[in-house]
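Model the full structure from these sequences, guided by the hints.
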Amino acid sequence: MVHALLSRCTTLWRQSVSRAASTFPAGADAVTLPDLPYEYSALEPYISAEIMELHHSKHHQAYVTNYNKALEQWVESESRQDAVSAPKISSALHFNGGGHLNHSIFWKNLCPAKDAHPCSGNLLDAIKRDFGSMEQLQSKLSAESAAVQGSGWGWLACKRETGRLAIITSANQDTVAHVAPGLDPILGIDVWEHAYYLQYKNVRPNYLKAIWNVINWEDAAARYDEAQRKGK
43 MVHALLSRCT TLWRQSVSRA ASTFPAGADA VTLPDLPYEY SALEPYISAE IMELHHSKHH
103 QAYVTNYNKA LEQWVESESR QDAVSAPKIS SALHFNGGGH LNHSIFWKNL CPAKDAHPCS
163 GNLLDAIKRD FGSMEQLQSK LSAESAAVQG SGWGWLACKR ETGRLAIITS ANQDTVAHVA
223 PGLDPILGID VWEHAYYLQY KNVRPNYLKA IWNVINWEDA AARYDEAQRK GK
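With this note's numbering as the guide, the letters of the sequence shown map in order to residues 43 to 274.
Among the hints, a few may not be true.
As the list claims (entries may be wrong) - Taking lysine-lysine and the DSBU-like style, the derived pairs with C-alpha atoms no more than 35 Å apart in a straight line are:
hint, residue 1, residue 2
1, K170, K243
2, K150, K100
3, K150, K201
4, K272, K130
5, K201, K111
6, K182, K201
These are computed hints drawn from the structure, not numbers from a lab.
So, in structure tokens, the structure goes:
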């Protein structure tokens, strides 16, 4: 009976940690806070320097720190085959790993307004095909993002097998892979309050209107083309 219980605990531990680990390509490697490709003030007046500094150096850093801490706990728990700790570790990997991945995309999806060139190429063609126009895409993605209850993200994503675009949302720090396997993220909009509250208070739609001025369509287009290559 004891042997059976220990065997069951080992199985539960492996299943729980495996689910969390398989989500993140980094596997058991520690992650680091990426540098921004622009200054904290570069997105003003649409996103303030104060928001950007807090968002990047405090919030994103916290996801990095806590993800790495969870990885250390994972290694320790694995050596003990500790099934009791596995769900907590799995949750920490899922949440903080997702926060790191989502923000790493978000920063590159943004650029100073002076460098924000109009969308073009394959991505623009796909937007017109699947939404009718850029204006209709912006309206729909803004509406879906505004409707997120609590904290989360709005996403423009691509089904790699077909190249079709879709708008989805994710709660908290769930990634596109968490909520829609088979889709690749093209453009993400953070609608956690820390992304806008200091400047836009509780008026999330105003933030969503402003953010279109600092979207890096070149980065989004590159992500779309890469998703297409992976689908072939």
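Of all the hints given earlier, name the ones this structure violates by number, lowest first. Hints that this structure does not satisfy do not exist here, as all of them hold.
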